[in-house]
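The primary structure of each chain is shown beneath.
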Amino acid sequence: MRITASVGDCRVAFTQTLLELAREDASIYALASDSRGSVTLGNFTKELPGQFVEIGIAEQNEIGVAAGLAAMGKKPFVCAPASFLSARSLEQIKVDVAYSRQNVKIVGVSGGISYGALGYTHHSTHDLAVMRAIAGIEVYLPCDAAQTRAMTRSLASRAGGAYVRMGRGMVPDIYQKEAPFEPGKSNLLRNGGDLTIIAAGEMVYHAMEAAKRLGEDNISACVLDMHTIKPLDEAAILKAAARTGRLVTMEEHSRYGGLGGAAAEVICGAQPVPLLILALPDEDIIPGKSAEVFAYYGLDGAGASQRIAAWMNQ
Amino acid sequence: MNTTELVRKSHEIRMALLRMIHRGKAGHTGGALSCTDILTVLYYRVLRVRPKEPGWMERDRFLLSKGHCVEGLYCILADLGFFNRAELDSFGAFGSKFIGHPTNKTPGIEMNSGALGHGLSVGVGMALSAKRDGNPARVFVVMGDGELAEGSVWEAAMAGANYNLDNLYAVIDRNGLQISGSTEQVMALESLEDKWAAFGWEVFRCDGNDIAALCDAFDRMQSSKEKPKVLIANTIKGKGVSFMENVAAWHHGVPDDNQLAQALAELESQREAFACA
Ligand SMILES: [Mg+2]
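Protein sequence lines, in the order shown, are assigned to chains A and B.
The first sequence runs contiguously to residue 578 in our numbering.
The second sequence runs contiguously to residue 1213 in our numbering.
For reference, chain A alone in the conformation it holds in the complex (with noise of 0.2 Å):
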C-alpha cells in the first residue's frame, strides 16, 4: 500500500465523524472534562448542545455520568486527555462501564508521549497495558485520519464498551480516503519474507518507514497495522510468525503489557519465534516531540530499521 504525502489530525478526523453520526443519532452524546479545546469538539457542542455534557475538570464523573447516560439508551463518547481517562477514571472504566455492561466509549485523545514536554503527568504510555487487561474493553489505536474516520463509524454501530487513544496534531495519512476497517482484523499493509513488523496507531508510519529502509538493505519486512489491540488479531500474528519466522513489534507505550507483551501471549505458546519489542523504555520520557522523542529511542524508521537490521544479524 502506498504512503501519500498528506497529512490529517485524528482528533478532528473523529468529532468530524461524530458530529455527523450524532445529526442522525439523538441517542449519539459527547462528553467534555473542561476539554472542548483539547479533543476539537468546539463545532459538536454549537451544533448539538442537547447531545453535549459538559462535566467540568472531573474524570471520575465523566464516565460515572457516561455510564448513566448508556443505562438510559444514550451512545456516548467520553472525550479527554488519555493520560487522565486511563488513570484517573480507571475504576470507573472497570465497575460502570465494564463489569455494569454499558455502552460507553471513551476516546483518550493526545494520547501516548503525544502532549511532549508537558511530562509524564499528560503522557498515556500504560494506558494500553491496563485497558486490555479489563474484561469488556475494547482497545484501539488509529493510526491516521482515514482509519479514525471509519473507526469511529464502527464504534458508534456497535454497542459495549470501548477505549480508543489517539495522538495530537497531524500524522502522515497511511490510508486513502477510504480506510478499511473490521474490528479486531489487522490490515497488511505491505509484503515480505524476512520478518513482521506489528504496528499501531502514529507508529504504523515509522513501520512503514523502517520497512522501506530494511529493504534497501535487502531486508525485506512484512507491515500489520494492528488498530485494534483487543480483541487481538492472534491469527494474523501466528500467520505472520509462521510465515516470517520473527516478529517485530512497535508501539508508543511502555514496554511492559502493550502491543509486544500482547503479541508474546500470542506466539510463545502456540508459534514461538524471536520477538523484538520496540516501546518506550521504563523510565521519565524524555521532553520533546513526538518526532524527537521517538528519533531519540529508536523508534522512528531510522532508528527502528538500525535496530532491526542489527537484530537479524545478531
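Keep in mind the hints are simulated off the structure, nothing from the lab.
Treat the hints with care, since some could be wrong.
Unchecked claim - No farther apart than 30 Å at their CA atoms in a straight line, the calculated lysine-lysine pairs in the DSS-like style are these:
hint, chain 1, residue 1, chain 2, residue 2
1, B, Lys-1131, B, Lys-1067
2, A, Lys-553, A, Lys-441
3, B, Lys-988, B, Lys-1041
4, B, Lys-1067, A, Lys-310
5, B, Lys-1161, A, Lys-310
6, A, Lys-494, B, Lys-1033
7, A, Lys-503, A, Lys-553
8, B, Lys-1041, A, Lys-494
9, A, Lys-441, A, Lys-310
10, B, Lys-1041, B, Lys-1067
11, B, Lys-1163, B, Lys-1131
12, A, Lys-310, B, Lys-1163
13, A, Lys-441, A, Lys-494
What the hints assert, rightly or not - Calculated Cβ distances over 10 Å to all of chain A for the following chain B residues:
hint, residue
14, Gly-1112
15, Phe-1140
16, Ala-1184
Nothing here was measured: the structure is a model prediction, and the numbers come from that model.
A virtual CB, placed ideally from N, CA and C, is assigned to each residue, including glycine.
Fit chain B with the ligand to the given chain A structure using the hints.
Same frame as chain A, but now just chain B with the ligand:
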C-alpha cells in the same frame, strides 16, 4: 402501603436478610439493617417500578451505591416478584448470581456497584438523560456515610446542581459508623447538611429508622422542584437487633445459629408489639 404495613414489611425484610446472611455465611449485616427502612419505604411506597417489566423505560431508577448492603435489596426484589424467591437460596454459593454486591444480572438491579463513590455519578447521567428526553423517570441513589469520603461523590454533587437535576434524589444512610469506627473519628463528615447545601442541593433530614418519618420526608422531597435533593437519614447500624446495634464489628459480622435465633426472636417480638399497639 400504609405506615403499618410498611413497618411490618421492614421487619419481614430484616428477618429475611438475616436468614440469608446466616445461610450464605457472609454479608454486611450492620449496614443492611441500618438501611432496611429506607429501602422498604422506597420500594413499597415511593419508586415507580414494574417487577414484571423491569425494562420499562419510564421506571424510576434505583442505585445502591453502598453496594455492600445488597442483602435487603435482594430480599425486597424477590418479595416484589422481580425473580423467584427460591433463587435467593443460592446467595453466597459457588457460581451464584446473588453475590455480595449488586450486579445487573439480577432483574431489577440497574448497575453493578460495590466500589464506593460511583452511584451518584451514574445517577447524574440517568437523571440528565431523563430530563433531556422528557422521561418522567426519577433517580434515587442510596449512599453510605463512610462512602462520602470518596471525592467522586462531590464531583457528582457538583454536576447534579450544575444541571439542576430536580429528578435526582440522594439518600444517605447516616449510621455514623464505618468499618474502622465512628465516621467522625475516621474522617469527619459534619456538618453534612451544610456541605450538601453549599453544593447546591436541597437538604432533608429525618430519622431513617422511623417509617412514618421516612414517608413524610420522601413526600416533602417529591413536592419540591428545581434542585437535586438529598435526604440525610439518621440510622442505627444493626438496627432492630440489640446486640448488633451501633457495634462496628457487625459491619460484616455473620450471626451464628444462636445469634440468628436471638435476632429473629427480637425482631418477631418487635413486630408483635407493633401489631398490638
Ligand atoms: Mg456507615
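Checked hints:
1. B/Lys-1131 - B/Lys-1067: holds, 25 Å
2. A/Lys-553 - A/Lys-441: Holds, because 27 Å separates the two Cα atoms, which is no more than 30 Å.
3. B/Lys-988 - B/Lys-1041: Status holds; Cα separation ~15 Å.
4. B/Lys-1067 - A/Lys-310: Cα-Cα ~20 Å, so holds.
5. B/Lys-1161 - A/Lys-310: holds, 29 Å
6. A/Lys-494 - B/Lys-1033: Between A/Lys-494 and B/Lys-1033 the Cα gap is close to 27 Å, so the pair holds against 30 Å.
7. A/Lys-503 - A/Lys-553: Violated: A/Lys-503 and A/Lys-553 sit about 35 Å apart, past 30 Å.
8. B/Lys-1041 - A/Lys-494: Status holds; Cα separation ~24 Å.
9. A/Lys-441 - A/Lys-310: Since the Cα atoms of A/Lys-441 and A/Lys-310 sit roughly 27 Å apart, the hinted pair holds (cutoff 30 Å).
10. B/Lys-1041 - B/Lys-1067: holds, 26 Å
11. B/Lys-1163 - B/Lys-1131: holds, 15 Å
12. A/Lys-310 - B/Lys-1163: holds, 26 Å
13. A/Lys-441 - A/Lys-494: With Cα atoms ~25 Å apart, A/Lys-441 and A/Lys-494 stay inside 30 Å; holds.
14. Gly-1112: holds, 26 Å
15. Phe-1140: holds, 23 Å
16. Ala-1184: holds, 25 Å
Going down the numbered hints, you'll see the structure goes against just number 7.
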